[in-house]
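Student: Protein sequence lines correspond, in order, to chains A and B.
The opening residue of the first sequence carries number 1 in our numbering; numbering runs sequentially from there.
The opening residue of the second sequence carries number 1001 in our numbering; numbering runs sequentially from there.
None of these hints come from the bench; they were simulated from the model.
Treat each hint with caution, since some may be false.
Unchecked claim - With a straight-line cut-off of 30 Å between C-alpha atoms, the simulated BS3-like cross-links for lysine-lysine are:
1. K1111(B) with K21(A)
2. K83(A) with K1111(B)
3. K5(A) with K111(A)
4. K1168(B) with K81(A)
5. K47(A) with K1102(B)
6. K1189(B) with K81(A)
7. K81(A) with K1102(B)
8. K111(A) with K1047(B)
9. K1111(B) with K5(A)
10. K1083(B) with K21(A)
11. K81(A) with K1081(B)
12. K1189(B) with K1005(B)
13. K102(A) with K1189(B)
14. K1168(B) with K102(A)
15. K1081(B) with K102(A)
16. K21(A) with K1081(B)
17. K111(A) with K81(A)
18. K1168(B) with K1102(B)
19. K1005(B) with K81(A)
20. K1081(B) with K83(A)
21. K83(A) with K1102(B)
22. K111(A) with K1021(B)
23. K83(A) with K1083(B)
24. K47(A) with K168(A)
25. K111(A) with K1083(B)
26. K1168(B) with K111(A)
27. K5(A) with K1081(B)
Unchecked claim - Some chain B residues well away from chain A (every beta-carbon gap over 10 Å; in silico):
28. S1003
29. D1006
30. R1049
31. Y1113
32. E1141
33. K1189
Beta carbons are placed, not taken as given, at the ideal position from N, Cα and C, and that holds for glycine.
There are 2 protein chains.
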Amino acid sequence: MQSLKDRILREGRVFPGEVLKVDSFLNHQIDTALIDQMADAFYQIFKDRRITKVMTIEASGIAIAYPVARLFNVPLLFAKKAKSSNIDDSFFVSSVVSYTYKRSFDILVSKRYLSPDDSVLLIDDFLATGEALTGLIDLVEQAGANVAGAGIAIEKGFQPGGRQLREKGYDIRSLATIVAFEGDRVILKEE
Amino acid sequence: MQSLKDRILREGRVFPGEVLKVDSFLNHQIDTALIDQMADAFYQIFKDRRITKVMTIEASGIAIAYPVARLFNVPLLFAKKAKSSNIDDSFFVSSVVSYTYKRSFDILVSKRYLSPDDSVLLIDDFLATGEALTGLIDLVEQAGANVAGAGIAIEKGFQPGGRQLREKGYDIRSLATIVAFEGDRVILKEE
Chain A
1 MQSLKDRILR EGRVFPGEVL KVDSFLNHQI DTALIDQMAD AFYQIFKDRR ITKVMTIEAS
61 GIAIAYPVAR LFNVPLLFAK KAKSSNIDDS FFVSSVVSYT YKRSFDILVS KRYLSPDDSV
121 LLIDDFLATG EALTGLIDLV EQAGANVAGA GIAIEKGFQP GGRQLREKGY DIRSLATIVA
181 FEGDRVILKE E
Chain B
1001 MQSLKDRILR EGRVFPGEVL KVDSFLNHQI DTALIDQMAD AFYQIFKDRR ITKVMTIEAS
1061 GIAIAYPVAR LFNVPLLFAK KAKSSNIDDS FFVSSVVSYT YKRSFDILVS KRYLSPDDSV
1121 LLIDDFLATG EALTGLIDLV EQAGANVAGA GIAIEKGFQP GGRQLREKGY DIRSLATIVA
1181 FEGDRVILKE E
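Let's have the full structure, built from the sequences with the hints guiding it.
Tutor: Here is the structure:
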């Protein structure tokens, strides 16, 4: 998606460890006009699927998933990062390893809001090692629900998450894919 | 706001400790049609103010603040809950006590995205003791920016946060105010 790619090239900041910061428009300060365009792009990709819920993970996925859920006219559901005090058997729980923070944490979703009748479109801001998306898929499948697909804003194509999940048959679409970092330059995949 | 009040009365669940769960439509599963109506109500209240940013706190404020920012056509900014590894002097930082989780935590916002020229509309899902909103106000004022007002979905009117902040001169508007809990019944303020 050209407008997203332009913003990444113009405003993205590269930090050691192949970290791309896009906090001027995507995950701290948020440009709602750009995100609305991204939501429309996801809608065009997935509009012929049966979608009963849009699901993401707190916090930075929420602003991207909100306009997608509105376009599909279905509820938005966000998985929460567990605090030790709030897990009980009313939740589906999955463990996620965070490479950014070098620890693992549990994500959870209430059993009230996912059922075998659901067909869920997953949305997230980044896909790299695939841990967060794998956790979301696990929550959906624990509920016996269908993963209709996943829409990702920015994929680090040089990391294995996207390839591994596509090989398992999941339909994962990214609006911008990073091929490599060259120093502080971001090299994006040509469409 | 009647549609929000109706949903609270129909779907809100009261738990010990005067906890109201509205996770079927507001802060876990999200009804975007209802939230869009709430955003429009906030827009009608504040539309004649100078607003340059809409600001909230992760995670459950984000879905409410997103459509508000879109209506004002200004950036959305969300304060992050600090992880020990990500605080440095590029952030404004404020300490917040959570009564829900019985601990305090720091919230932060990048100095890049708030300046003395900004006039900020604050949005959050709940107002009770006022700790989170006080933290957001502190971040805005550390930047030398103006607090244009605050829009709250649900206020616990029997707790002191709203009154104390209004006495300090902040313009805080809530779309639904809980007067009391009677057993598992929610008593809402009449408009």
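Student: Now, for every hint given, state plainly whether the structure supports it.
Tutor: Comparing the hints with the structure gives:
| no. | hint | verdict |
| --- | --- | --- |
| 1 | K1111(B) with K21(A) | holds (15 Å) |
| 2 | K83(A) with K1111(B) | holds (28 Å) |
| 3 | K5(A) with K111(A) | violated (37 Å) |
| 4 | K1168(B) with K81(A) | violated (35 Å) |
| 5 | K47(A) with K1102(B) | violated (44 Å) |
| 6 | K1189(B) with K81(A) | violated (33 Å) |
| 7 | K81(A) with K1102(B) | holds (17 Å) |
| 8 | K111(A) with K1047(B) | violated (39 Å) |
| 9 | K1111(B) with K5(A) | holds (25 Å) |
| 10 | K1083(B) with K21(A) | holds (17 Å) |
| 11 | K81(A) with K1081(B) | holds (12 Å) |
| 12 | K1189(B) with K1005(B) | holds (9 Å) |
| 13 | K102(A) with K1189(B) | violated (47 Å) |
| 14 | K1168(B) with K102(A) | violated (42 Å) |
| 15 | K1081(B) with K102(A) | holds (17 Å) |
| 16 | K21(A) with K1081(B) | holds (17 Å) |
| 17 | K111(A) with K81(A) | holds (15 Å) |
| 18 | K1168(B) with K1102(B) | holds (26 Å) |
| 19 | K1005(B) with K81(A) | holds (28 Å) |
| 20 | K1081(B) with K83(A) | holds (13 Å) |
| 21 | K83(A) with K1102(B) | holds (12 Å) |
| 22 | K111(A) with K1021(B) | holds (15 Å) |
| 23 | K83(A) with K1083(B) | holds (14 Å) |
| 24 | K47(A) with K168(A) | holds (22 Å) |
| 25 | K111(A) with K1083(B) | holds (28 Å) |
| 26 | K1168(B) with K111(A) | violated (42 Å) |
| 27 | K5(A) with K1081(B) | holds (28 Å) |
| 28 | S1003 | holds (16 Å) |
| 29 | D1006 | holds (17 Å) |
| 30 | R1049 | holds (18 Å) |
| 31 | Y1113 | violated (4 Å) |
| 32 | E1141 | holds (18 Å) |
| 33 | K1189 | holds (28 Å) |
When each numbered hint is compared with the structure, violations occur for hints 3, 4, 5, 6, 8, 13, 14, 26, 31.
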